[in-house]
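Same order as they appear, the protein sequences are chains A and B. Each number in my numbering comes from the position in the first sequence (counting from 1) with 2 added on. Each number in my numbering comes from the position in the second sequence (counting from 1) with 3 added on.
Check each hint, because a few of them may be wrong.
[Unchecked claim] Pair ranges (Cβ atoms, derived):
| # | chain 1 | residue 1 | chain 2 | residue 2 | range |
| --- | --- | --- | --- | --- | --- |
| 1 | B | Ala157 | A | Gln19 | 22 to 30 Å |
| 2 | A | Asp73 | B | Ser62 | 51 to 59 Å |
| 3 | B | Ile168 | A | Val6 | 19 to 27 Å |
| 4 | B | Asn106 | A | Ser75 | 20 to 28 Å |
| 5 | A | Asp72 | B | Asn106 | 52 to 60 Å |
[Stated by the list, open to error] With a Cα cut of at most 35 Å, we get these calculated DSBU-like pairs of lysine-lysine:
| # | chain 1 | residue 1 | chain 2 | residue 2 |
| --- | --- | --- | --- | --- |
| 6 | B | Lys164 | A | Lys57 |
| 7 | A | Lys64 | A | Lys107 |
| 8 | B | Lys101 | B | Lys147 |
| 9 | B | Lys164 | A | Lys64 |
| 10 | B | Lys35 | B | Lys75 |
| 11 | B | Lys164 | A | Lys107 |
| 12 | A | Lys64 | B | Lys178 |
| 13 | B | Lys35 | B | Lys172 |
| 14 | B | Lys99 | B | Lys178 |
| 15 | B | Lys28 | A | Lys23 |
| 16 | A | Lys52 | B | Lys164 |
| 17 | A | Lys29 | B | Lys28 |
| 18 | B | Lys35 | B | Lys147 |
| 19 | B | Lys35 | A | Lys64 |
| 20 | B | Lys172 | A | Lys52 |
| 21 | A | Lys107 | A | Lys71 |
| 22 | B | Lys164 | A | Lys133 |
| 23 | B | Lys172 | A | Lys71 |
| 24 | A | Lys64 | A | Lys29 |
| 25 | A | Lys133 | A | Lys107 |
| 26 | B | Lys172 | A | Lys29 |
| 27 | A | Lys133 | B | Lys172 |
| 28 | A | Lys71 | B | Lys75 |
| 29 | A | Lys107 | B | Lys99 |
| 30 | A | Lys23 | B | Lys97 |
| 31 | B | Lys147 | A | Lys52 |
| 32 | B | Lys78 | B | Lys164 |
| 33 | B | Lys172 | A | Lys64 |
| 34 | B | Lys28 | B | Lys172 |
| 35 | A | Lys52 | B | Lys35 |
| 36 | A | Lys107 | B | Lys28 |
| 37 | A | Lys23 | B | Lys78 |
| 38 | A | Lys71 | A | Lys52 |
| 39 | B | Lys101 | A | Lys133 |
It should be emphasised that the hints constitute simulated quantities derived from the structure, not laboratory data. Where is the CB? At the ideal position from N, CA and C, for every residue including glycine.
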Amino acid sequence: MVVVSVVSLATGYYLYQMPPKNLSRVKTEVTVSADELMSSFEDNEDAANKVYLGKVVEVTGKITDVEIKDDGSAQLILASQSMMGGISCNFSAEDISEFAGVVRKGQNATIKGKCSGYLMDVILERCVVIKLIE
Amino acid sequence: MKMMIRKTLLLGILFLISGQLISQKYYTRDGKVVFESDAPIEHIVAENNKAICVWDTESGAIEMAILIKSFKFEKALMEEHFNENYMESEEFPKAKFKGLIRNMSSVHLGDDGAYTAEVEGELSMHGVTRTVVVDANISVENGKVQCIAIFEIAVDDYDIKIPSIVRDKIAETVKITVDLDLNILNK
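Throw the hints in and build the complete structure from the sequences for me.
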């Protein structure tokens with residue numbers, strides 16, 4: 003009894019201390035093109051939120067901007083047909099490190115990230131690169 | 004008569020052009036918003052780096068928006084509870100602020116220096132809208148505009164219920180720090 007409760011308390015504490023999971027080991031819930039993702043938010047944000055909000059999304063599109071910040075974290079923008087914005091893919095320093103030297107404007111990329119919604123861009127957090135094509 | 008019409012027209016056009024020159028907008032789409040809860044048992048910090056803000060320096064109007072799900076926590080469970088139990092971010096995905104700089108005439112973003120901007124506006128989140136008044140510290144250095152505002156909000160004001168069992172872990176009043184590097188918006 004005592005052992006069981008000690009073990010369960012320890013497990014509970016351990017689970018509580020867990021940092022957020024790296025998405026490369028999390029299953030993709032929706033696969034979509036950058037264009038389609040952007041236009042669904044532009045056409046009807048509420049409906050798009052129901053499909054994408056909080057979901058792990060795999061997006062493919064052309065990279066139009068690469069920004070590596072001082073702390074090593076990065077933002078890649080995937081193009082869309084929209085004048086106003088694109089898909090903003092945000093990476094921690096750790097998750098971009100492998101690609102920081104090779105990622106460039108004009109490449110096609112498939113990126114997995116968690117969708118937090120739409121402001122001017124559609125925003126994906128905790129991104130990881132799945133594929134880069136010249 | 005013809006002459007007068009011409010003059011009026013010319014004046015009108017000049018006025019429009021100068022108006023456009025004065026009416027300048029500053030913006031960011033990578034603003035930082037930090038949320039901090041300091042309770043007896045647990046200190047919780049979360050950071051959001053995707054705030055958007057547009058500031059019209061002629062009218063003094065300022066607008067901001069953030070996505071609740073863009074707040075990053077150190078622990079996965081904290082992030083889950085924040086989104087699911089407290090902010091209910093599936094239903095209320097954004098927080099918005101719409102306000103006015105009351106002393107715009109004494110804030111000169113074109114000149115290097117430090118200014119205090121008195122901001123007043125409506126903050127909406129979790130389905131509740133309330134008036135917020137806060138002083139923002141503006142610094143302009145080599146044309147770069149940085150805007151920092153720190154204020155506190157009572158979670159109860161926004162209809163966010165904290166169960167008594169976690170009262171020692173989550174503060175009733177949380178500190179919000181807004182930190183924006185603003186650039187001139189090219190039309």
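Take the C-alpha atoms of Lys64/A and Lys107/A, compute the straight-line distance between them, and say whether it is at most 35 Å. Satisfied, since the Cα-Cα distance of roughly 8 Å is no more than 35 Å.
Satisfaction of hint between Lys52/A and Lys71/A, Cα-Cα up to 35 Å: holds (32 Å)
Taken at face value, is the distance from the CA of Lys99/B to the CA of Lys107/A at most 35 Å? Roughly 32 Å separates the two Cα atoms, so the pair holds.
Is it true that the C-beta distance of Ile168/B to Val6/A lies inside 19 to 27 Å, as the hint says? Given about 22 Å between the Cβ atoms, the range holds.
Given the hint that Lys29/A pairs with Lys28/B, test it: the Cα-Cα distance must not exceed 35 Å. Since the Cα atoms of Lys29/A and Lys28/B sit roughly 42 Å apart, the hinted pair is violated (cutoff 35 Å).
Below or equal to 35 Å on CA atoms is what counts here, so check Lys28/B against Lys172/B. At roughly 41 Å apart (the allowed maximum being 35 Å), Lys172/B and Lys28/B break the hint.
Hint check: Lys35/B vs Lys172/B, CA-CA at most 35 Å. Holds or violated? holds (24 Å)
Pair hint Lys35/B and Lys75/B, alpha-carbon separation not exceeding 35 Å: With a Cα-Cα distance of about 11 Å, the restraint between Lys35/B and Lys75/B holds, given a limit of 35 Å.
For the pair we were handed, Lys35/B and Lys64/A, check the Cα-Cα distance against 35 Å. holds (27 Å)
Going straight from one Cα to the other, do Lys107/A and Lys71/A come out at no more than 35 Å? holds (16 Å)
Between Asp72/A and Asn106/B, does the C-beta distance stay in 52 to 60 Å? violated (33 Å)
Given the hint that Lys172/B pairs with Lys52/A, test it: the Cα-Cα distance must not exceed 35 Å. holds (31 Å)
Violated hints for the displayed structure, listed by number in ascending order: 2, 4, 5, 9, 11, 12, 15, 17, 22, 27, 31, 33, 34, 39.
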